[in-house]
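If you're matching them up, the sequences are chains A and S in order. By the count of the numbering used here, the first sequence reaches residue 115 at its end, each step adding exactly one. By the count of the numbering used here, the second sequence reaches residue 115 at its end, each step adding exactly one.
Since the hints were made in silico from the structure, they are not lab data. One should not assume that every hint holds.
Listed next, the in silico DSBU-like pairs over lysine-lysine satisfying Cα-Cα at most 30 Å (straight line) [stated by the list, open to error]: (1) Lys71/A x Lys58/A; (2) Lys27/S x Lys51/S; (3) Lys27/S x Lys71/S; (4) Lys44/S x Lys58/A; (5) Lys27/S x Lys49/A; (6) Lys71/A x Lys49/A; (7) Lys62/S x Lys51/S; (8) Lys71/A x Lys44/S; (9) Lys44/S x Lys61/A; (10) Lys61/A x Lys71/A; (11) Lys61/A x Lys49/A; (12) Lys51/S x Lys71/S; (13) Lys27/S x Lys58/A; (14) Lys62/S x Lys44/S; (15) Lys69/A x Lys49/A; (16) Lys58/A x Lys69/A; (17) Lys44/S x Lys71/S; (18) Lys44/S x Lys27/S; (19) Lys69/A x Lys27/S; (20) Lys27/S x Lys61/A; (21) Lys49/A x Lys44/S; (22) Lys58/A x Lys51/S.
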Amino acid sequence: AQSVSQHNHHVILSEAASLELGCNYSYGGTVNLFWYVQYPGQHLQLLLKYFSGDPLVKGIKGFEAEFIKSKFSFNLRKPSVQWSDTAEYFCAVNARDNYGQNFVFGPGTRLSVLP
Amino acid sequence: NAGVMQNPRHLVRRRGQEARLRCSPMKGHSHVYWYRQLPEEGLKFMVYLQKENIIDESGMPKERFSAEFPKEGPSILRIQQVVRGDSAAYFCASSPPDRGVYEQYFGPGTRLTVT
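Using the sequences and the accompanying hints, generate a full structural model.
Following this line, the structure appears as C-alpha cells:
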C-alpha cells in the first residue's frame with residue numbers, strides 16, 4: 001500500500017525566507033506526484049504535479065518541486081515566501097497502476113509566514 | 001466551467017441523526033471521489049464512484065456510511081446515526097473518464113459538526 005509522509009507538521013518563516021517542505025512516499029511502482037495547497041477556509045488547489053520527464057517541475061505562485069526517485073522524495077520549494085503563502089500544504093501520490101485511482105495524501109504541513 | 005460543487009458547506013447534526021452530503025462534479029466529469037479530512041490529518045480516501053457504479057469503497061467505514069452517484073443528479077454521501085467522531089471536513093473530487101490518476105479537481109468541502 002502507498003503511504004506519504006511529510007517531515008514537518010508546522011513551519012514558521014519570516015517573509016522573504018526560503019522554503020523547503022519535505023515529502024516522502026513509499027511505493028515500489030510508478031507514481032504521479034502532486035502538491036496541493038489549502039488556504040484557510042478554502043478548498044484544495046493544485047500547486048504542481050509530476051508525471052514524467054524533467055524531475056524539476058514548476059508550479060503556480062513561484063513554487064517548484066523536485067522528484068528524486070532514488071530517495072522516494074518530492075520536496076516543495078520556494079525561494080522567497082510571502083505572507084499570502086500562509087496555508088496548509090499537502091503532498092499526494094497516485095500510483096499509475098491504481099485501478100481505484102484514489103490519491104494518497106500526506107498529513108499536511110502548516111506554513112505560517114510572519115510579516 | 002463551474003468547478004466541483006458541494007453542499008451544504010456547513011452541516012450540524014445531533015448524534016443519531018442522518019447527514020447527507022451532496023457533490024456535483026465538473027461538467028464532463030463522470031468520476032467522483034470522496035475524501036474525509038479529520039482535524040490535524042490529511043485527506044483520507046473513502047470511495048470512488050462512476051455513474052451508477054461504486055468502483056472502489058475500500059476507504060469507507062463498514063457501517064453507517066454509504067455513497068451513490070445516480071444517473072441523474074449529484075453524488076450523495078450518506079452517514080446514518082452520526083456520532084461525534086464523524087465530525088470532519090468531507091471533500092469531493094471529480095475527474096474526466098479514466099483520468100483520475102492524473103487529475104482530480106476538488107470541491108470546497110462540507111464541514112460536518114456532530115453535537
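Going through the hints against the structure:
1. Lys71/A x Lys58/A: Given that 30 Å is the threshold and the Cα spacing comes to 20 Å, the pair holds.
2. Lys27/S x Lys51/S: Holds, at about 13 Å.
3. Lys27/S x Lys71/S: holds (14 Å)
4. Lys44/S x Lys58/A: holds (26 Å)
5. Lys27/S x Lys49/A: Distance of about 22 Å is within 30 Å: holds.
6. Lys71/A x Lys49/A: Roughly 18 Å separates the two Cα atoms, so the pair holds.
7. Lys62/S x Lys51/S: Holds. Lys62/S to Lys51/S sits at ~22 Å (cutoff 30 Å).
8. Lys71/A x Lys44/S: holds (24 Å)
9. Lys44/S x Lys61/A: holds (26 Å)
10. Lys61/A x Lys71/A: holds (26 Å)
11. Lys61/A x Lys49/A: holds (14 Å)
12. Lys51/S x Lys71/S: Judged against 30 Å, a Cα distance of about 6 Å means the pair holds.
13. Lys27/S x Lys58/A: holds (27 Å)
14. Lys62/S x Lys44/S: The hint holds at about 15 Å.
15. Lys69/A x Lys49/A: holds (15 Å)
16. Lys58/A x Lys69/A: holds (17 Å)
17. Lys44/S x Lys71/S: holds (26 Å)
18. Lys44/S x Lys27/S: It holds: about 25 Å lies between the C-alpha atoms, which stays within 30 Å.
19. Lys69/A x Lys27/S: violated (35 Å)
20. Lys27/S x Lys61/A: holds (27 Å)
21. Lys49/A x Lys44/S: Judged against 30 Å, a Cα distance of about 19 Å means the pair holds.
22. Lys58/A x Lys51/S: Violated. Lys58/A to Lys51/S sits at ~35 Å, over the 30 Å cutoff.
Consistency note: the structure conflicts with the earlier hints numbered 19, 22.
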